[in-house]
Amino acid sequence: MRITCPICGERDRREFYYQGAASMLDRPDPDADGQVWSDYLHLRDNPAGLTRELWYHEAGCGAWLIVERNTVTHEIIGTELVEAADAD
Amino acid sequence: MTDLIAKTPCAGLLPVSHGGWSLSEVDCGPITWLAPFHGQAEALDAALQTAHGLGLPRPGNSTRAGAARCLWFGKEQVMLTGVEPGDALAQCAAMSDQSDGWAVVRLEGADGADVLARLVPIDLRPSAFPDGAVARTLCQHMTVTILRENVDALVIFAFRSMAKTLVHDVETAMVSVAAQHAAP
Ligand SMILES: [Zn+2]
Chain C
109 MRITCPICGE
119 RDRREFYYQG
129 AASMLDRPDP
139 DADGQVWSDY
149 LHLRDNPAGL
159 TRELWYHEAG
169 CGAWLIVERN
179 TVTHEIIGTE
189 LVEAADAD
Chain L
141 MTDLIAKTPC
151 AGLLPVSHGG
161 WSLSEVDCGP
171 ITWLAPFHGQ
181 AEALDAALQT
191 AHGLGLPRPG
201 NSTRAGAARC
211 LWFGKEQVML
221 TGVEPGDALA
231 QCAAMSDQSD
241 GWAVVRLEGA
251 DGADVLARLV
261 PIDLRPSAFP
271 DGAVARTLCQ
281 HMTVTILREN
291 VDALVIFAFR
301 SMAKTLVHDV
311 ETAMVSVAAQ
321 HAAP
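In order, the protein sequences belong to chains C and L. First residue of the first sequence? That's 109 in the working numbering, and the numbers climb one at a time after it. First residue of the second sequence? That's 141 in the working numbering, and the numbers climb one at a time after it.
For reference, chain L alone in the conformation it holds in the complex (with noise of 0.2 Å):
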C-alpha cells in the first residue's frame, strides 16, 4: 500500500521573517475539542487533571502541563492539544478529533501586539495580554483564537481552509509595520 505523506496546513507557506518577527508553523500534535455535559464542567476539570494533570481552563486563559495544553476555546469549550485525550473524558464532555483542522502559527519577536493591531481588534499587549492568555477573535474577517506563550511569541490558530489567508494577513502587517519602524 502507498505510503501517504502527511502535508501541514501552512505547507510551502512559511516559515518567513520580516523586520524582527519570524511567523512559522506549529505542530500542535492532537487536538481535540471539548464540550462539557450540561452541569459537568466540574467534573471535566477533575477529569482533565487525573488524565493529563492540568485543569480546565477560565474563560480568556489556558493551562499546561508538560506537552498537554488546553486552550478556552469559547462559550463551555476548551481545546486540549498536544495529547491523546484520556478516555475517561468522554463521561463528561462531547469530544471531537480537530487535528486535521486548523492551522496553527507562531509570530516570535519583541512586540508581536504591533504586527497584529493592524489586524486584531483586541489589545494583545503583554500587559494586557499576559502569558497563557487567550482569546476568540477576529484577525482581518477570520474568526481566531489567539494564546500568548510568553512575552516575545503569540500563537494563532485559524480554519486550516484559510491558512494561506492567515499567512498573507499576517505576512502583510509584518512588512508593513518592520517598514514603518525602519522609516527615519
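Isolated chain C, as found in the complex (with noise of 0.2 Å):
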C-alpha cells in the first residue's frame, strides 16, 4: 500500500502511523451533553468500503493527513493535510 503525502509525494505504507478515524476531527462543542462526549469518544464506523481516517507522516515530513481509503479493495482515493480540512 503507498499513500500520497501532500508535501513528500508517493511513499510507501511504513512510513505512516495510522491513528484512527477522522471523526476525531469533529470535535463536539466544551459544553455539549456527555453523551455525545461520550459518543465522540469510543463510537466507530465499521464501513465495507469508503472510509476517511488520520495518518501520520512519522518517518517522512511530519505531517498529519486525512487519508480516504476503500476498505475493501485498499485503493487509496485521497489525501490532503489536516491543517487545510481543520483551518478554525
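Calculated from the structure, these hints are not laboratory results. All C-beta atoms in this analysis are idealised placements derived from N, C-alpha and C, irrespective of residue type, glycine included. Treat the hints loosely; a few may be bogus.
[As the list claims (entries may be wrong)] Partner residues aside, some chain C positions facing chain L, computed with beta carbon under 10 Å:
1. C116
2. G117
3. D120
4. R121
5. R122
6. H165
7. G168
8. G170
9. L189
These two chains come separately, so use the hints to put the complex back together.
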C-alpha cells in the first residue's frame, strides 16, 4: 500500500502511522452533553467501503493527513493535510 | 584545566570500503535547526539570504552558498549546516544548536542508490533524486534525512545515538550488493 503525502509525494505505507477515524476532527462543543462526548470518543463506524482516516507521516515530513480509502479494495482515493481541512 | 578532545559520532567505525563504494564520516561543522514562526517563512528566507547568501529550501530540496548549506528537514523546518547562524535569524525562527546531535555519513561511488535500495523505501537514483534533493525517510527502522550531493554521493543524517546502527546497516548492504555485483 502506498500513500501520497501532499508534501513528500508517494511513499511506502511503512513511513506512516495510523491514528484512527477522521471523525476525531469533529470535536464537540466543550459544553456539549456527556453522551455527545462519549459517542465522539468511543463510537466508530466500521464501513466496508469508503472511509476517512487520520494518518501521520511519522518517518517523513511529520504532517498529519486525512486519507480517504476503500477498506474493501485497499484503494487510496485521496489525501490532504489536516490543517487544510481543519483550518479554524 | 584538562583539554578535552571531542570524539566524532562515527569514531572508530569509519571509513570503510566495499566493492566500488566508500562510506565515510562527514564533519558538517555547526548544525542549527530552524523553524520559522507562524507566517514568518518569507522573513526567514530573506534573513537567510542576508546572513548567508542562500534561501529557504522548498520541501525535498536544499540550498547552498559556499560552506553553508540549508536542508529541508521536515514540515516547516530546515537545518542550516556549515556555518554559525546569523543573529538575525532568531527574529523570525525558533532555533536550536544540534551540532553534536547528528551522525552524518557519505556513501560515495557510482549507483549508491543500489546499496540504499536495500534499506530505504524511496527511489534515490539520480533520475528521481537529483543533485541537492533531500528526503525525510527511513533507513531500515530509523528515521533519517538523505541528501544527494552529486551524481556519485549520498549523505545520510541519523541521530548520533544510532551511529553504530547506521554504519552497521549501510556497511552490511554495501557488502551484500558488492558480492551480488561480483557474482558471475
Ligand atoms: Zn510527508
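Practice problem: Return the numbers of the hints above that this structure violates; sort them in rising order. | Solution: Every hint satisfied by this model.
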